[in-house]
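Residue numbers (our numbering), protein chains in the order written: chain A, 1 to 450; chain B, 1001 to 1117.
FYI, nobody ran anything at the bench for these hints, they're computed from the structure. Glycine included, each C-beta is placed from N, C-alpha and C at the ideal position. Warning: the hint list may mix true and false statements.
Unchecked claim - Calculated from the model, a selection of chain A residues having no Cβ within reach of chain B, i.e. all distances over 10 Å: (1) Asp31; (2) Gln211; (3) Ala419.
Said to hold, decoys possible - Quick list of in silico lysine-lysine cross-link-like pairs, DSS-like style, CA-CA up to 30 Å: (4) Lys1005/B x Lys1083/B; (5) Lys56/A x Lys1005/B; (6) Lys148/A x Lys278/A; (7) Lys1083/B x Lys1063/B; (8) Lys1083/B x Lys1100/B; (9) Lys56/A x Lys1083/B; (10) Lys1100/B x Lys1005/B; (11) Lys252/A x Lys111/A; (12) Lys252/A x Lys178/A; (13) Lys1100/B x Lys56/A; (14) Lys56/A x Lys1032/B; (15) Lys1100/B x Lys1032/B.
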Amino acid sequence: MHVLEEQIGEWRAYVRRRQAIEAADVAELEDHLRSQVADLQASGLSADEAFLIGVKRLGELDTLSREFAREHSERLWKRLVVADAEKSGTGWSRELVVALGLAVGAGVAIKVPELFGLSIQDQAAEFFYFRNASFFVLPFLAAFFAWKRGLNPAGWMGLAAIFAVGVLVMNVFPFTPKGSTLQLAFLHLPMALWLAVGVAYAGGAWRSHDQRMNYVRFSGEWFIYYVLIALGGGVLMVSTMFIFQSIGMDAKWLLQGWIVPCGAVGAVVVAGLLVEAKQSVIENMAPVLTLLFTPLFTLLLLAFLATTVVTGSGINVERQTLIGFDVLLVVVVGLLLYAISARDPQRAPGFFDALQLALVICALLVDAMALWAILARISAFGFTPNRVAALGENLILVVNLGWSAVLYARFLGKRAGFAPLERWQTAYLPVYAVWAAIVVVIFPLVFRFR
Amino acid sequence: MDIGKDLVAASATPLVLAILREGESYGYAIIKRVEELSGGELQWTDGMLYPVLHRLERNALVKANWGESESGRRRKYYRLTDKGSEELANQRRQWQIVNKALRATSFTSFQLAPQAI
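With the sequences and hints as input, model every part of the structure.
Now the structure itself:
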């Protein structure tokens, strides 16, 4: 009898792995199998024989699971929140409550300044919101992860200190309104703080390369979820506008004063929660996009290089084009990072890796051209915050891409494994954080807040 | 004898509905009843019954609920709904038409060829 139980247990686990066959179906089939086995045993067969015949009569599992899939096609689409809600596990519901609480907290936080006369729709208060945008959002996301990962008190203090320094810098420094140091600080602060959130995400173990890579994966998925939520929010707003217009009411104050700001900050935490909940349920999206866009960006860069060679024209350094180049290079590094994050390190080098190397080399060449142009501009017109920031960013990216190219070449030449590439990228992450922090804190001091 | 796959599939719905008309039942018992009714000639792959039952349930022809077997195991019981009774009557008319048409041909009366050939 004991052996039979074991066999049925194994059979159950085996059937359960089929996506189209759910737990309730397995229970039903198991009842069938047990009835059959009992009948066969009663007619004189041994437990072993009865089990084998019973399983055989149920039919081949592939065919069976196809039949179930035909009847329940929806099961092939993995469900995210619904499936978890059914489970009604205590872990999920508490996490949900905490995350929603923090999302509401962020929504409230952005409305609090209004009590002190700083309305978000007010032109005069724009400067205030501009400086503090990050602080309405990221502390809540950090708190969510710090809570979820059980960060130790020292970790909480450290995070609080980082955010406090940020708040001080942004509010005590006498920035020139609309000055370039302020704009740079505004752009770089979220970058520095996002990596601080990573410390909470890793539960304090931010030195671990695996945790860093997980945070990179999280960031990509988070971004995609946030964009999706934003698109949904857009539809909601347009609908609200129209429906109230039809009865002669103007819903603009509601949208601009409440739904947009509160929704935008709350969605940051909600997207974080969704990515956490789904990480094992659904295929990651960022690597899929990477696969799609790596060839396209390689083509773009090749076309650009070919054109500059043919026409012999150098890069015309204006602020817009410089920003454009920085964005392009950041995208390339992102593509590289996500391709690496999703790759099975054990697999042998293939076509896609060669394509990655081509992309990296093209980006290096373009980056060198951009660097040259920036240096020429600096030597002709002197230092400005924007030029130094662009120079620094390009140098950081050039170092990353250069060493990545070397590592990729070694990997393709089968002289090294894939692991060094992965480690190089994760080891490099703090460089971005430090540079962003320098731009936020040191630049204003050096350039006298202009 | 082996009955063709298409015919098995086509006859499954009326058979299951007709068996459930005799009273509430569950998967294994339905299979047993089919064997019994056909004198062991009609044998289904047991597992295939369940997707059929689930389809009938989705179309509200049968209603399912979880109960317990004699030995206290969880067991899913099915019973015919009013809509299921209607469908059964509908199916009966269809089978009668097919049956009548076949009888009108030489289908039921022609001499079966000797097995030896």
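Cross-check of the supplied hints:
Distance to chain B contradicts Asp31/A as a non-interface residue, since its nearest Cβ pair spans about 5 Å, not more than 10 Å. With a least beta-carbon separation of about 42 Å from chain B, Gln211/A lies farther than 10 Å from that chain, consistent with its non-interface assignment. The Cβ of Ala419/A sits about 45 Å from the closest Cβ of chain B, beyond the 10 Å cut-off, so the non-interface label holds. The hinted pair formed by Lys1005/B and Lys1083/B meets the criterion: a straight-line CA distance of about 27 Å does not exceed 30 Å.
For the suggested pair Lys56/A and Lys1005/B, the alpha carbons sit about 18 Å apart, so the restraint of at most 30 Å is met. Of the pairs offered as hints, the one joining Lys148/A and Lys278/A holds, with about 15 Å between alpha carbons and a cut-off of 30 Å not exceeded. Proximity of Lys1083/B to Lys1063/B is assessed by CA-CA distance (about 10 Å); at most 30 Å being required, the pair is judged to hold. Of the supplied pair hints, the one linking Lys1083/B and Lys1100/B holds, its CA atoms being roughly 26 Å apart against a limit of 30 Å.
Note on Lys56/A and Lys1083/B: the hinted pairing is violated, with a Cα-Cα distance of about 34 Å set against a maximum of 30 Å. For the hint linking Lys1100/B to Lys1005/B, the alpha-carbon distance of about 22 Å falls within 30 Å, and the restraint holds. Only pairs whose Cα atoms come within 30 Å are accepted, and Lys252/A paired with Lys111/A is accepted, the gap being roughly 17 Å. The straight-line distance between the Cα atoms of Lys252/A and Lys178/A is roughly 27 Å, inside the 30 Å bound, and the hint therefore holds.
Proposed proximity of Lys1100/B and Lys56/A is contradicted: the alpha carbons are some 38 Å apart, above 30 Å. Using a Cα cut-off of 30 Å, the hinted pair Lys56/A and Lys1032/B holds, with the two alpha carbons roughly 16 Å apart. For the hint linking Lys1100/B to Lys1032/B, the alpha-carbon distance of about 29 Å falls within 30 Å, and the restraint holds.
Hints 1, 9, 13 from the earlier list are contradicted by this structure; the remaining hints agree with it.
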